[in-house]
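Make the full structure from the sequences, and use the hints.
Each chain, written out:
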Amino acid sequence: MQNSSHKVLVANRGEIAIRIVQACRMLGLDFVCVYTAEDEQSGHVRLAKETGGEKSLYRVSSYHDANEILAVADAAQATAIHPGYGFFAEDFRFARRVTQRERGLIFIGPSWRVIRELGDKINTKRLARSLGVPTVPGSDKPIYDEMEAEEVARSLFEFQKQCGTEQPTVLIKASAGGGGMGIEEVYDIDLFRSVYRRIRNYALRQFKDEGVLIEQRIRDFNHLEVQIVSDRSGQNPVHFGTRNCSIQSTGLQKRVEVAPGFDPSSLPYSFDAAQVLTDITEHSLALAREVRYDNVGTWEWIVARNGRPFLMEVNTRIQVENGVSAAIARIRGKRGVNLIAEQIRIGLGEPLGYTQEDITFEGLGIEYRIIAEDPTNRFTPSSGRIERFSWKEEPWLSMHTHVPTDAAYDIPTEFDPNLALGIVWGENLSQAQERGMDFLDHLTLDGVDSAGAPLKTNVGFLREKTARILQF
Amino acid sequence: MDIEKKLSFLKERLTYICDIFAGNHQEHIRILEHKVEEFSQRRESLDLQERIEAITAIEELFDFTERRLEEDLSSMDKVRIVRHPQRICLRDILENVYDNYTEIGGQKNKSIDPSMLIARAYVTRRHRGKTHHQSVMVIGQEKGHGEDFRNGGSVKPWGNARALQYMKVAETENIPIHTYIFTPGAYPVEDYPGAAQQIARNLYEMAALKVPVIAVFSEGGSGGAEAIGLADRRLMLSHGYYSVISPEGAAAIEGRLRRGERATPELIARCAEQLKITAQDNLRLGYIDKIVEEPPLGARPYHYEFFRNLRREVIRATDDVVLSTRAFAPLRARAARPDKSGEYDAEKFVVRWEVNGGAAEKLLLLRHEKFNKYSRGKCIDPRSVFKRMRQGVSGVVTDAYNTVKHDILGKPKKRIVSAVEEVEAETRVLFDGITGPFRKALCALGSKSSKAPAATEEALTALSDWEDGQRNGSWNYISPRAKEDRAVTCPNAKKQGCMDMWAPDLYGEFAGVCSNCGHHFPMEYKWFLWNVFDPNSVVEFNQEIEAGNPLEFENFDQRLIQAKEKTGLKSGCMTVDAAIQGTKLVAAILIADFRGGSVGVAEGEKFLLAVERAQKKRQPFLAYVHGTAGIRIQEGTNGVIQMPRCTMAVRRYLDAGGLYLVVYDTNSYAGPVASFLGCSPYQFAIRSSNVGFAGPGVIKETTGIDVPPNYQGAFKALSRGHIQGVWDRRELRENLNQALMTMGGRNLYYR
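Order-wise, the sequence lines are chains A and B.
Per our numbering, residue 1 is the first one in the first sequence, and the count goes up by one each step.
Per our numbering, residue 1 is the first one in the second sequence, and the count goes up by one each step.
To be clear, the hints were calculated from the coordinates, so they are not data collected in a lab.
From a predicted model like this one, the values you see are computed outputs, not experimental measurements.
A couple of the hints might just be wrong.
[As the list claims (entries may be wrong)] Partner residues are not named here, just some residues of chain B that face chain A (Cβ under 10 Å, in silico): (1) E457; (2) D485; (3) D500; (4) M501; (5) P504; (6) E731.
[Unchecked claim] With a straight-line Cα cutoff of 27 Å, these simulated BS3-like cross-link-like pairs (lysine-lysine) come out: (7) K208/A with K494/B; (8) K290/B with K208/A; (9) K440/B with K161/A; (10) K290/B with K387/B.
[Said to hold, decoys possible] Just a sample of chain B residues kept apart from chain A, beta carbon distances all over 10 Å, derived: (11) I29; (12) T102; (13) T172; (14) G357; (15) K584.
In this text, a Cβ means the ideal position worked out from N, Cα and C, and glycines have one as well.
Shown next as structure tokens:
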């Protein structure tokens, strides 16, 4: 790293905080961590204590409080902030504030304009359409007029009938909504008006804006992602392959991620899977070039059963599953790609230093999210105490966790319930699956939940799903 | 016996003199005291004749002293006279001025508001052996010589509402109204409909009452006085006062006192002097028509000669008003005019007090002219005579042009358009009958190739046309506070858990609205000016009219200069031509930065000219109240008179079929809200703003009741029916456009 005078404030917790600290150490950068009272026992606090000493740790009342985080940044004389994922990662106002305040800092992530531009789903959809990138059929602007809305819905039903869709469905969503609020399905055009009015009134009450979006609801699909990396010039984005994140909990939270997105060499698909992967990476790169994307980001796609891809949204941050893409990627033939280190490096202004030709892919990676939850009961998270946690070290396995293996650990209830990420690499699908089962077989995760019963985990669910990965 | 009565009466008289001078003129008072004391001690030793002589001598001394003291009566002494329990009350007037009366709706404390007294009274005139009973509606505040339940003549909103109700009754019955003003001010409670709202309603209705209204001022305390004071003739008792604020209140403001602190008597006296509150001052300023002389040191219930005089003056004023509306009564009208000195003998001839048809119209015309002339020349108006004339002429031309365009040409045009539509529809039916079968056949042929899936898909996935004006929180005007790098705490942070916001976010993108709880921080008036009106549509007019210091209030000149320097404005009211989404309108903006947005002559004048402009142009009129603290006290009654004056202008505009919108932002209190703003049928408030009659401190001070939290909040104002909606600042433009499209009268240029 040419410029090692930087000091990075890690504005996050748990697994990602650990990996950011590790990446900083790898790059020879100074760092400072924050933690809340609940996280005193967390791995990132221990790691920071071990490697940076007490001076690299600041206690805060909340990871959400921008004023407190920035006060720490000033007190510790930090020059950059890494938001990790969640919290401030996709908050363009935070990014703007960090860079525009009197004592400006570097926001390690895309520039705030890019975050803002791609953070708005309508804007992203319109951008995509302007570039010919496929998007879900339907409106790309808020609709305020009932006649217009019905017209769009009618043609969506007609279109699905023409395509032979079994159960044509139209989605009505409040354009100002999000996170599953103000969204409803319609199965019949005759029911459209009543649902439309309900959503419109809800949107007016809730968001003071009665605009709605009307889209086709695609039911049977795989969830794919393209990992994009681009330096501050925004000129030459590269991709680090695709991932398939279709194995999810009932709450649509990812549980197993696989890179690459499809494996046509060993599995049969009803469509040209290799072509689909090429198409979505090309489309993603085109959009990245258009907005001059300047950090790491993930383009989320859904691929319908007939092989048609649709761009859903862009996540302008590093994602949990970055490790699985790194596992199969080689830069100039070398292993050991670390996307977080790449993110920090380019975030601080270094040029990328390689092109797409220098990036190759080898083998297949599976990432398991190990979580204390009950898959048989709608994935209800369990709280409690982990008493034993261990696994068998393997050269093809990398484990990321903030849970200690040498001491008991109380699972905090305030944050997301990920306990560990296990990334398995294999030369091909069957080897990866074997190694995955091997890893899960040797994993010990015991404890008691708050009621005193044995702690429930999702390991069984992960084993069951391993056989099915990458099958559409 | 008689002597004893006289003695106790003299003692009362002495207390009165003692009270009204509050420690001054002790030497005179001591002599009187001594004489009374001496007499009461030695009266036993005197015989009857000696007693009578002695007491007569003391009485004469009292008369002499009162005359003597009368000569150097200060303004503050008059205030004390007016407030004294021995001062005449409305019931004394009813007993002595009118020939008979019936109190309406109230016996002592059994009344909806015992401080407001309403009575049907009559005046009996005997003329050539015939007796004429002439009914009048008497309305006024009753202090009841200090009876507790009368609340000192401080009327609650429902008391004023009842006054209005009986004014309307008088209008129905076609009898004149005599109002008697004995109030230190309205009782500042916000219970339905709110003190301000009720006074505004009263003013609005009185502006068009089709019967003569005569007002007599004894104690005219600001808003409370205006509630029944809008009259065709305004008489004033010579020892009364008529003021924008009590001298104590003015002193509290002038001395910048905190709650609980008291102003010094000297400061209060100085304020009383400078506010020009006496009858003589107000006659000079032109806000009353005539003074009714009182006996030395003010009228008390035993001054029967005064009551006879008052009766004469009230009848004369009523005659005068009625005769001025008559087409043929030149000689009687001349005799009744108030500026004619000499005795007016009401018994000499009879004037019937009904006003009908054309006379009623003339009555209103004269009333409006009268108030329109008030306070002319009391602000700095550097518009040259030529310019004013040109503006006058162009006003007439605009008016004529619009009359031709909208009234004469517009209406037939509408009729033609609708006729054309009818014909078109008819022909289509006819045409369809002929060509229908052919088209059906054509459709049947072409139905197979109706719409290809590719075309449907194209329509569903191609980029649509869409222009979104204000996305990503980009505003035309960004507050200078958005340049500071600091965190701002929301006042609701404790209750709602709002995170501190970064000033550039809050004052920039968020438009001063807390992103968590929706609390609206005050913004600059420029934010409104540049973000609500269409870009480049704003043109200011009359900006040269400048706030002055008509009473030469001390230190006020400098403060005005400071305000002008600070804001770059010449008055607290900015009047502009503007447009909202293409709809042209006239707007008046009361700016909180300029002396709290207080309204004086200049502000009132600009407001009035703007209303008249909107009327001539057939445009909607918007009053945006960025904030107002009330009437500018340093201008005294010059300011107060803007309340009826501007309300009448608004009334003319609304009667002519306009649309008058009011939007309150930040804090709006007192006079303007209780008159020309509060009378609008379409009033809206920005969230987190306060609308009311008096600030919480004043309420606590005057009523002693603890003010509940958010007493004047916008939502409270909405709940009690004062305003018609609470708006989000960020949606102000859309909401105003909606209002322009859906509300208002028949006579707007775009209708």
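Evaluated hints:
1. E457: holds, 6 Å
2. D485: The hint holds - D485/B has a Cβ within 10 Å of chain A, the shortest such distance being about 4 Å.
3. D500: holds, 5 Å
4. M501: holds, 9 Å
5. P504: holds, 7 Å
6. E731: holds, 6 Å
7. K208/A with K494/B: Between K208/A and K494/B the Cα gap is close to 25 Å, so the pair holds against 27 Å.
8. K290/B with K208/A: violated, 57 Å
9. K440/B with K161/A: holds, 26 Å
10. K290/B with K387/B: violated, 35 Å
11. I29: holds, 68 Å
12. T102: Consistent with the label, T102/B stays out of reach of chain A, its closest Cβ about 55 Å off (over 10 Å).
13. T172: holds, 45 Å
14. G357: Correct as stated: the minimum Cβ-Cβ distance to chain A is 51 Å, above 10 Å.
15. K584: With a cut-off of 10 Å, K584/B remains clear of chain A, as the shortest Cβ separation is near 25 Å.
Checked against the numbered hints listed earlier, the structure breaks hints 8, 10; every other hint is satisfied.
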